[in-house]
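Respectively, the protein sequence lines represent chains A and B.
If you count the first sequence from 1, you need to add 8 to reach the working numbering.
If you count the second sequence from 1, you need to add 1142 to reach the working numbering.
Check each hint, because a few of them may be wrong.
Listed below are several chain B residues computed to face chain A (Cβ distance under 10 Å; list not exhaustive) [what the hints assert, rightly or not]:
#, residue
1, 1233
2, 1404
3, 1450
4, 1454
Derived by calculation from the structure, the hints in this document are not laboratory data.
Virtual Cβ for every residue (Gly too), placed ideally from N, Cα, C.
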Amino acid sequence: MNKYQPLRLKWFSYLVDKKAVLCIMLLAILTLALLIFSVSMGQMKIHPVDVVRTLLGMGESMNELVIKSFRLPRILLALVAGMALAVSGAILQGIIRNPLASPDIIGITGGASLAAVTFLTIFSGRGTEVTVSIQWMPFAAFIGASVLGLLVYILSWKNGVNPVRLVLIGIGLAAAMQALTNMMILFGPLYLATQAQIWITGSVNGANWNQVKTLTPWVLLFLLFVWMYARRLNIQELGEDLARGFGSVVQKDRLVLLLFSTALAGGAVAFVGGVGFVGLMAPHIARKLVGSSFGALIPASALVGALLVMGADLIARTAFAPLEVPAGVFTAALGAPYFIYLLYRSRNL
Amino acid sequence: MRELLRTNLKKWIGFITGILLVVFFIGCSIVYGYTSVNWGMVVASFTQFDGSNAHIIIQESRVPRALIGAAVGASLAIAGALMQGITRNPLASPSIFGINAGAGFFIVLAVTLFSISSIHQFAWIAFFGAMVTSLIVYFLGSLGRDGLTPVKLTLAGAAMAAMFASLTQGMLALDEKALEEVLFWLTGSIEGRKLGILTAMLPYLIAGWLGSLMITGQMNTLSMGDDVAAGLGQNTALVKISAAVVIVLLAGSAVAIAGPIGFIGIVIPHIARGLVGIDYRWIIPYSGLLGAILLLLADIGARYIIMPKEVPVGVMTALIGTPFFIYIARRGLNKL
Chain A
9 MNKYQPLRLK
19 WFSYLVDKKA
29 VLCIMLLAIL
39 TLALLIFSVS
49 MGQMKIHPVD
59 VVRTLLGMGE
69 SMNELVIKSF
79 RLPRILLALV
89 AGMALAVSGA
99 ILQGIIRNPL
109 ASPDIIGITG
119 GASLAAVTFL
129 TIFSGRGTEV
139 TVSIQWMPFA
149 AFIGASVLGL
159 LVYILSWKNG
169 VNPVRLVLIG
179 IGLAAAMQAL
189 TNMMILFGPL
199 YLATQAQIWI
209 TGSVNGANWN
219 QVKTLTPWVL
229 LFLLFVWMYA
239 RRLNIQELGE
249 DLARGFGSVV
259 QKDRLVLLLF
269 STALAGGAVA
279 FVGGVGFVGL
289 MAPHIARKLV
299 GSSFGALIPA
309 SALVGALLVM
319 GADLIARTAF
329 APLEVPAGVF
339 TAALGAPYFI
349 YLLYRSRNL
Chain B
1143 MRELLRTNLK
1153 KWIGFITGIL
1163 LVVFFIGCSI
1173 VYGYTSVNWG
1183 MVVASFTQFD
1193 GSNAHIIIQE
1203 SRVPRALIGA
1213 AVGASLAIAG
1223 ALMQGITRNP
1233 LASPSIFGIN
1243 AGAGFFIVLA
1253 VTLFSISSIH
1263 QFAWIAFFGA
1273 MVTSLIVYFL
1283 GSLGRDGLTP
1293 VKLTLAGAAM
1303 AAMFASLTQG
1313 MLALDEKALE
1323 EVLFWLTGSI
1333 EGRKLGILTA
1343 MLPYLIAGWL
1353 GSLMITGQMN
1363 TLSMGDDVAA
1373 GLGQNTALVK
1383 ISAAVVIVLL
1393 AGSAVAIAGP
1403 IGFIGIVIPH
1413 IARGLVGIDY
1423 RWIIPYSGLL
1433 GAILLLLADI
1443 GARYIIMPKE
1453 VPVGVMTALI
1463 GTPFFIYIAR
1473 RGLNKL
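Construct all of the structure, not just a fragment, from the sequences and the given hints.
Here is the structure:
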């Protein structure tokens, strides 16, 4: 049996890795299962069967209220944000060619946080309302993430970009962003200060449909772009010289991919804050499952990321009920040891 | 790069100038601020205290703040110099290696679990946290087949810092009462601290300062490399452990007093080395003086940027320190 199945249309051809497709389908089923399980858990337990029935529009009105207005928006937000963060990390690891790269370690998340907090501070009215539509917030976070991403890239340029230098400079800039974010919170109104602490750690608490509707198209659009670019990402991973030899426009592709990565990270951070280490862990786990070809790696990372953030949120919601812990605490508690494991494994640092 | 002050005479002159500058900036820190006072009033508040608003502000707020700034700045800088020495890593400092975050985590843990509030208990917990974190980071940095490398150490520190910061946030989210108690402290500021905090920590600080001066000779030997130092008959493990104790004393006390204030420990030792060269007998005292001056200046600046509000001094030091950090990272980690 052949490992690959070619898929050919008139204008499109693609080698489908059978095992990877199977893996991705399993992951998708797992994601769906976790979604339903997550909806059913909480202060008021709802039987999974009832959950499915409600989602299909045949449930009791009480269940419908709890699920549709409270649980589903936050779980969907966790799902979408997890996808975005994971794919953002997968892209960075591809173009930087460093397994330790991730949007939070190299400061992209920090730039997005700073921009989002600045946005809220500048445009907040006297009360608790924001004077400009909240729909612009991912855009602000995107700009913050892009500026930071480019800054890290430029500052680490010295006859080419050395991955170690890039990570170190990212760490430095991330610390500076953290300090500046603290300062913006101080400038801002008081209600923001109390919220911002939790938000920076990363939490989907208090999500609403509006946020889901804003973030989802943004993320799906860029996921599609990234997936279409997967071919070029594969070439990027071969290194600058080989990629150029294959006829790739290395610098242009790298810039476009960096923009995709920052767009995804920025959008996710704008709504869920800095849920850390997802962009680091998810691509690695996905790579173990489906191999390192980006055509399969991108959807697999997205699903693993969704599973991670949904799982973290589920624990955050239920472990200390009725208190809520920011989901970012759990991703960090899981991710930091993983980071150290990668550090231990990597030989050429 | 040759040092700027090459003869011993110049170094002594620089040292005395440094002391005078520290005294001068302590004075500035007392005089300049939102409530305007003048030098005469400062002297008067000591000689004939009259209970007026200005005198109370000077005695209760400005003087403690200036003295704490000087002590914390000096301690963080010396801790940074020693860390860079024993790890041979130019980016080593209490904040980047997660020691500040670790001490903060343990303090928040203690406040949440045992609801302690005395400054002496704070101090011991901060020491404990600093010690545990440094051990973890040092251990993790030396995992792997090629042993302790500067990059691994830095990355392990950054990862631990991120983890401790997240865990701290999580605990604070669980316990809002604890948040109220420690939030003032977590922001990293020397404003609004009472003089009592400084006097309570002073024994540890003095022990740390004296300890750092006592091991300067051994640090010089160690800076030639572990192998050479061992060949010259030095017990390198003992020297490293003593340096670690001093680092934990200094960084722990600084965190207990002022909360996490970053970047001083990175920037100052490099400037000190630029001034006096590679001799730790000079680097340590110069680091102390320069650290005090930097923190005092950053704190004075923090009052003027967004008057009448204040920027936390930790933000100021980060803004000053980041370009420096990038410069060092670009230059490469193998040059100390």
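Discussion item. Checking each numbered hint in turn, tell me which of them this model violates, lowest number first.
Written reply: Hint 3 contradicted; others consistent.
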